[in-house]
Amino acid sequence: MEKLREIAGELLKSNDVKVVIGYTKGMNNKVTPFFAKKQEDIAKLICGNSCAQNLAVYLYKKDISDLGKPAIVANIHTLRGIMRLAVEKQIDKKEMIILAIDNAGDIQKLDNLSDLENYLSSVIPQLNEEDQQMLDELNRMTPGERMVFWKQEMKKCIKCYACRQACPLCYCTRCTVEENQPQWIPVASSVVGNLEWHMMRAMHLSGRCVECGQCGKVCPVNIPIHLLPVRIAQEMKTLYGTSTGISLSEKCDMSTFKPDDKENFIG
Amino acid sequence: MNHQFKLLRKESYSGLIGNLLKSQQVYGPVKQEGYTYYKRISYPDEITEDYIIPQMSAKSFVFPKIEKLFSFVKSKDGVRVEDKNLDTIPKKVIFGVRPCDATGIHNLSAIFLWEPEDSIFKKRREQTTIISFACSSADDYCFCTSLGGGPGNTAGSDIQLIKTGTNDYLAEIITPKGAEIVSSNPGLFEDVDSVEKEKYLVRLPVCFDDSELEDKITDAFDTAIFDDLSMKCVGCGACAFICPVCGCFDIQDETKGSMGQRVRIWDSCGLRQFTLHTSGHNPRDTQGARYRQRLMHKFSYMPDRLGVKGCVGCGRCSRACPVEINIHENLQQITKLVKIHKHE
Numbered sequence: 017m018e019k020l021r022e023i024a025g026e027l028l029k030s031n032d033v034k035v036v037i038g039y040t041k042g043m044n045n046k047v048t049p050f051f052a053k054k055q056e057d058i059a060k061l062i063c064g065n066s067c068a069q070n071l072a073v074y075l076y077k078k079d080i081s082d083l084g085k086p087a088i089v090a091n092i093h094t095l096r097g098i099m100r101l102a103v104e105k106q107i108d109k110k111e112m113i114i115l116a117i118d119n120a121g122d123i124q125k126l127d128n129l130s131d132l133e134n135y136l137s138s139v140i141p142q143l144n145e146e147d148q149q150m151l152d153e154l155n156r157m158t159p160g161e162r163m164v165f166w167k168q169e170m171k172k173c174i175k176c177y178a179c180r181q182a183c184p185l186c187y188c189t190r191c192t193v194e195e196n197q198p199q200w201i202p203v204a205s206s207v208v209g210n211l212e213w214h215m216m217r218a219m220h221l222s223g224r225c226v227e228c229g230q231c232g233k234v235c236p237v238n239i240p241i242h243l244l245p246v247r248i249a250q251e252m253k254t255l256y257g258t259s260t261g262i263s264l265s266e267k268c269d270m271s272t273f274k275p276d277d278k279e280n281f282i283g
Numbered sequence: 279m280n281h282q283f284k285l286l287r288k289e290s291y292s293g294l295i296g297n298l299l300k301s302q303q304v305y306g307p308v309k310q311e312g313y314t315y316y317k318r319i320s321y322p323d324e325i326t327e328d329y330i331i332p333q334m335s336a337k338s339f340v341f342p343k344i345e346k347l348f349s350f351v352k353s354k355d356g357v358r359v360e361d362k363n364l365d366t367i368p369k370k371v372i373f374g375v376r377p378c379d380a381t382g383i384h385n386l387s388a389i390f391l392w393e394p395e396d397s398i399f400k401k402r403r404e405q406t407t408i409i410s411f412a413c414s415s416a417d418d419y420c421f422c423t424s425l426g427g428g429p430g431n432t433a434g435s436d437i438q439l440i441k442t443g444t445n446d447y448l449a450e451i452i453t454p455k456g457a458e459i460v461s462s463n464p465g466l467f468e469d470v471d472s473v474e475k476e477k478y479l480v481r482l483p484v485c486f487d488d489s490e491l492e493d494k495i496t497d498a499f500d501t502a503i504f505d506d507l508s509m510k511c512v513g514c515g516a517c518a519f520i521c522p523v524c525g526c527f528d529i530q531d532e533t534k535g536s537m538g539q540r541v542r543i544w545d546s547c548g549l550r551q552f553t554l555h556t557s558g559h560n561p562r563d564t565q566g567a568r569y570r571q572r573l574m575h576k577f578s579y580m581p582d583r584l585g586v587k588g589c590v591g592c593g594r595c596s597r598a599c600p601v602e603i604n605i606h607e608n609l610q611q612i613t614k615l616v617k618i619h620k621h622e
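Residue numbers (our numbering), protein chains in the order written: chain X, 17 to 283; chain R, 279 to 622.
Keep in mind that the hints were calculated from the coordinates and are not lab data.
If you're wondering where the values come from, they're calculated on a predicted model, not measured in any experiment.
Check before you lean on any hint, since a few could be wrong.
To give an idea of the interface, some chain R residues facing chain X are shown, with a C-beta separation under 8 Å as derived from the structure [claimed, not checked]:
{"hint": "1", "residue": "Q333"}
{"hint": "2", "residue": "A502"}
{"hint": "3", "residue": "D505"}
{"hint": "4", "residue": "A598"}
{"hint": "5", "residue": "H606"}
Pairs of lysine-lysine, DSS-like flavour, derived with a Cα cap of 27 Å [stated by the list, open to error]:
{"hint": "6", "chain 1": "X", "residue 1": "K46", "chain 2": "R", "residue 2": "K614"}
{"hint": "7", "chain 1": "X", "residue 1": "K172", "chain 2": "R", "residue 2": "K309"}
{"hint": "8", "chain 1": "X", "residue 1": "K172", "chain 2": "R", "residue 2": "K369"}
{"hint": "9", "chain 1": "R", "residue 1": "K317", "chain 2": "X", "residue 2": "K172"}
{"hint": "10", "chain 1": "R", "residue 1": "K343", "chain 2": "X", "residue 2": "K172"}
{"hint": "11", "chain 1": "X", "residue 1": "K41", "chain 2": "R", "residue 2": "K614"}
{"hint": "12", "chain 1": "R", "residue 1": "K309", "chain 2": "X", "residue 2": "K171"}
{"hint": "13", "chain 1": "X", "residue 1": "K233", "chain 2": "R", "residue 2": "K346"}
{"hint": "14", "chain 1": "X", "residue 1": "K171", "chain 2": "R", "residue 2": "K369"}
{"hint": "15", "chain 1": "X", "residue 1": "K171", "chain 2": "R", "residue 2": "K362"}
{"hint": "16", "chain 1": "X", "residue 1": "K167", "chain 2": "R", "residue 2": "K343"}
{"hint": "17", "chain 1": "X", "residue 1": "K171", "chain 2": "R", "residue 2": "K400"}
{"hint": "18", "chain 1": "X", "residue 1": "K167", "chain 2": "R", "residue 2": "K346"}
All residues carry an ideal CB built from backbone N, CA and C; glycine is no exception.
Okay, chain X solo, but in the shape it has when bound (with noise of 0.2 Å):
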């Protein structure tokens, strides 16, 4: 912690940045997100293991580019959602600094999007216990439970879009199921469209999700609905052997094509 408030005091004072992303403790020992901007927020920054959140949605909010040049703070989740967001083009040429918190609490200062490549190379992304032995759990069920699960689940969606909202690959500034002249999906939070909704964006995040997990972290009714995405990446993985958010060369798996590839999947 002193470590990371040393570093990040540098900085502003260097004015090389001008805002630090991080977390703090917030109200009720809640650790919240957090943007240092004069040397006395300093000391309100922390890190730990209990600094779970993907802050990666916040380079390209307006309200915090407007600021202008930042330092995030960045556990593996963010690391992977910054690498990723780049490779999609939305923040390659953005000027950062990126504070890399390993889970032993090591710092390491990554000046530019190579330096993050490197440091990535020797990260080996693994799901925590607790959402292997849940989608353990939906694997072992035959697609009839499958639906069953979902359906249920379904029923308890408001529709608020935490999950879209919080996620770093959910940038689109205007989303489908907002379009209402036709509306693609249903606007309202009736199952159907709730399954519909969560089926089209685990769909769109396939070959694009960082398994940071956010979208049920966030989710206000508990619906665990981060393992579509997760378990797609998964599906991923076995087809083609690829992760996401580790390196500045990754496609986007789902829109490219080799004309050799196989097409035994049809018919």
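Position chain R relative to chain X; hints supplied.
Chain R only, in chain X's frame:
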């Protein structure tokens, strides 16, 4: 206000729910995978008393997330429109509503029954009986007392049950609808002499002066405080949808072939699209402007125009916020404003 009190012994409690189940739909707080929701019950013992507040508020009983307004069919002769048949709205009794949620329905009525009255809301309100449970516990997010509410607040309730030291219940009879339940279950309620309701309620400190809040927030309109408070906001609608008083809605036509229905669905001023014009211009283009609207509506416009606040201090929005924006903390900050920092 001097309400009449009766004693409902623990042995009679299930009997009361059982009797109500015979004549109408009964809902109550039910545990589901560790979380509590207001759900329809078939047996008295489905109701839990082990909860602070349910995940979702009770507003959906009067303002459901999807409300059909009318249906329409297009034919060669024109379009036939059929209003929602209000007689299809069933009688319901909701057990175990927290006083904050009951107050939420009371405050929501000020919006929907403002001229012209919303006939669907009105009918739902009439058909719904609320039997609230006074609070004997609270958590770090509860702050109803700072907004003039309290763990034994009776606004919006027809009967309030207060659990006593002997696990019996004091029944405070608040409305004629509540009195009717008591009179139609004569064997279950006993007379009671002295009532010390307060001693069974949780003590929740008052953290700010709500009249000061209204003055300060109204003055703060042109300041940067709302931008600061909402900088971390990701712009979802979780706070509004789980709020017991947020009443804003969207209208959508859902069609299939030549027929369809017009529905009213929950909406939120926190969503970018809420004020987006057809031209592409958005008068509330930043999250700060949207958060200002959210707070001003609840703590300035509603008290000014309707005489009720748009917040009951349940703390649900803070519990649900993906980025831990805490409304209680924000309101305390606003009441502490002395000399306001103006936009540059």
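Hints versus structure:
no.	hint	verdict
1	Q333	holds, 6 Å
2	A502	violated, 11 Å
3	D505	holds, 7 Å
4	A598	holds, 4 Å
5	H606	holds, 7 Å
6	K46(X) <-> K614(R)	holds, 22 Å
7	K172(X) <-> K309(R)	holds, 14 Å
8	K172(X) <-> K369(R)	holds, 23 Å
9	K317(R) <-> K172(X)	holds, 12 Å
10	K343(R) <-> K172(X)	holds, 11 Å
11	K41(X) <-> K614(R)	holds, 20 Å
12	K309(R) <-> K171(X)	holds, 16 Å
13	K233(X) <-> K346(R)	violated, 32 Å
14	K171(X) <-> K369(R)	holds, 23 Å
15	K171(X) <-> K362(R)	holds, 23 Å
16	K167(X) <-> K343(R)	holds, 17 Å
17	K171(X) <-> K400(R)	holds, 26 Å
18	K167(X) <-> K346(R)	holds, 22 Å
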